[in-house]
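Trainee: Residues per chain, in single letters:
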Amino acid sequence: MIARTNRIALLAVPGLVFLAVIYALPLALLLFKSIQSANGLTLASYVDFFADEFNRVVLWRTLRVALLTTLLALVIAYPTAFAMARAKGIWLTIFLIALVLPMSLGVIVKAFAWSILFRSNGFLNTTLQSLGITDEPVRMLFTETALIIGAANVFLPFMVLPIYAVIRQLHSSLPEAASSLGATPWFRFTRVTLPLTLPGVVAGSAFTFSLAISMYVIPSLIVGERQQTLSMLIARSFLYLRNESLGSTISAVLLVIAIFVVLFSSWLAGRLGARQ
Amino acid sequence: MFDKSTDSTPRERHYLDVAGVAKSFKGTAVMDQMHFRVAKGELVSLLGPSGCGKTTLLRIIAGLLDADTGNIVLDGRDVSSLPAHKRNISVVFQNYALFPHLTVAENVGFGLRARGMSTANVIEPVQEALALVRMDNFADRPVSALSGGQQQRVAVARALAVSPDLLLLDEPFSALDRKLRETMQIELKSLLRSRNITAIFVTHDQDEAMGVSDRIAVMNAGKIEQFADPSTLYARPASPFVMDFVGLSTRLAGRVTAQKDGIATVETTSGPLLAQCDFAAGTAVQIGVRPELITPTPSPEMNQITVQLDDVMTLGSKTVLHAAATSDTQFLCELSGIRNDFARGQTVTWGWNVEDTLIHAVPS
Chain A
1 MIARTNRIAL
11 LAVPGLVFLA
21 VIYALPLALL
31 LFKSIQSANG
41 LTLASYVDFF
51 ADEFNRVVLW
61 RTLRVALLTT
71 LLALVIAYPT
81 AFAMARAKGI
91 WLTIFLIALV
101 LPMSLGVIVK
111 AFAWSILFRS
121 NGFLNTTLQS
131 LGITDEPVRM
141 LFTETALIIG
151 AANVFLPFMV
161 LPIYAVIRQL
171 HSSLPEAASS
181 LGATPWFRFT
191 RVTLPLTLPG
201 VVAGSAFTFS
211 LAISMYVIPS
221 LIVGERQQTL
231 SMLIARSFLY
241 LRNESLGSTI
251 SAVLLVIAIF
261 VVLFSSWLAG
271 RLGARQ
Chain B
1 MFDKSTDSTP
11 RERHYLDVAG
21 VAKSFKGTAV
31 MDQMHFRVAK
41 GELVSLLGPS
51 GCGKTTLLRI
61 IAGLLDADTG
71 NIVLDGRDVS
81 SLPAHKRNIS
91 VVFQNYALFP
101 HLTVAENVGF
111 GLRARGMSTA
121 NVIEPVQEAL
131 ALVRMDNFAD
141 RPVSALSGGQ
151 QQRVAVARAL
161 AVSPDLLLLD
171 EPFSALDRKL
181 RETMQIELKS
191 LLRSRNITAI
201 FVTHDQDEAM
211 GVSDRIAVMN
221 AGKIEQFADP
231 STLYARPASP
241 FVMDFVGLST
251 RLAGRVTAQK
261 DGIATVETTS
271 GPLLAQCDFA
281 AGTAVQIGVR
291 PELITPTPSP
301 EMNQITVQLD
311 DVMTLGSKTV
321 LHAAATSDTQ
331 FLCELSGIRN
341 DFARGQTVTW
351 GWNVEDTLIH
361 AVPS
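Protein chains in written order, with my numbering: chain A, 1 to 276; chain B, 1 to 364.
Here chain A stands alone, though its shape is the one from the complex (with noise of 0.2 Å):
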């Protein structure tokens, strides 16, 4: 007689057994390349790694236009998400379809369509100049910057929908009560409402960062080859130079990455959710 619970946690089986085959095992495999040579095991590929200027160069890149896009989409998330908390009916519909729609058109129609709007005789730059504000056409696509706004963009809704969610749960008498007992609006904003709703920060800044750090369409697109990132690097050694060794080892630079953000994003909501 399997006790109820237990029972229950079998219907994770499917899901296990998938993620096992399908994610964890294959994962694994290439994880071993990356130590395995012709004398046995070895860390020489990830000593290699970190040597290269190139890699530290692009590493770095990584991280920063993924911090960069995080912040960039939580400064446009957070109050997006206040305003769809507070709204009702048709007005949500309304937010919640011009926040999901856009999922569904894909990001390479996305970048051809900035790149007619971005690039040197696209409309912004025209108007620009038509303007006199410049003389000569600003570049604008082929950029961190352009990768970073562009990516931003794609991951919003990842941004938004945690944040939403958590404000949605803030009853209103919190901000209230924290009025009539004399606080002002940066007060209470800073001591009632940004702590509660923190969770929903980690939780959408933990899913954005962990989409820009491996992220491999949307700069490929933007910003081609000029600026690589790890994912780009990872498919350049296994689609053309044929490492299997250097792509796997990025992969792992990448994971533990991956890993450290999960954790470190799990444990402070953790910690934040363990005082509410």
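No lab work stands behind these hints: they were computed from the structure. All values derive from a computational prediction rather than experimental measurement. It is possible that part of the hints are untrue.
Pulled a few chain A residues facing chain B out of the computed Cβ check, cut under 8 Å [stated by the list, open to error]:
#	residue
1	Pro26
2	Gln169
3	Ser173
4	Leu196
Reference excerpt, derived from the structure (chain A facing chain B, CB under 10 Å, subset only) [claimed, not checked]:
#	residue
5	Ala183
6	Pro185
7	Arg191
8	Val192
9	Leu198
10	Ser245
Glycine included, C-beta positions come from ideal geometry on N, C-alpha and C.
Assemble chain B onto chain A, guided by the hints.
Mentor: Quick look at chain B alone, frame taken from chain A:
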């Protein structure tokens, strides 16, 4: 009764002066020309069914909702245009609204910190406030670890810690079970009295309103129907609504057939009854009588009715008799103690004093 003609009342009656407040939501007026005054140190209840506007009035006074028109003057200070955080009016919310991410002490100290006091300086007043509600041993607990009654105490301590000019309480006892509710009412009332705090309770529970307040404003459809002390409200309700909402009563519809020296004869389905009033013959009225004022052994000068007993409910401290007259009207009679001299199906004659008859004119 509550219009500007009461301006001659003494100054201390004007501690809180709500004058001509009106509010509409999406074009529907929920409150019109509200006039409402409270004296310093008075405990007042806004009593009424849900949707009567009592919470709206409370929120307008607190500054959590903007009135369309009207003024709110507190202790000679016009607070109408001030935001909530500048009014110095504390609110105890129905769900207590304790900050879940803060400890008990941090919750209580919140208002003082918001006023710019340092962490070190709030320790003492916080301890004092917690001692008032006997929660000083819980200072470092997270609020989620508290029971309902404890949470309410903390909410009260938090509201009082800032020495508010006015305390507003929105259904503060509704989340507590019956026994605890009564204990907390007594406790809170004596605390507010001892500190001479002016407080307004919002409630839909008439027992609670009668128990905690000096005066009760009975509200209906955005208006105050009567604002009086509990005994007046019960003994002399100003309208059928107040009579109905405050306490139990038996009601009879009728019409005045004769009027002589302030005594009207009213023809009802249960026969002619007498009532003290000035209504002229022909006026459509509603007669009411409180169950405990009915006696099963009437004397000849009383109003009398003949009824058949439907049910005898023995409740220990009192016995409640339900009876029907020849018509559909239900009569209630409350007798103290346990009574074994009544049985279902008996036909009895009940009576009550003419001056205990409540009478109101109603639209015919």
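Trainee: Each hint needs a verdict: does it hold in this structure or not?
Mentor: The hints, checked one at a time:
no.	hint	result
1	Pro26	violated, 42 Å
2	Gln169	violated, 11 Å
3	Ser173	holds, 4 Å
4	Leu196	holds, 6 Å
5	Ala183	holds, 4 Å
6	Pro185	holds, 8 Å
7	Arg191	holds, 7 Å
8	Val192	holds, 6 Å
9	Leu198	holds, 9 Å
10	Ser245	violated, 48 Å
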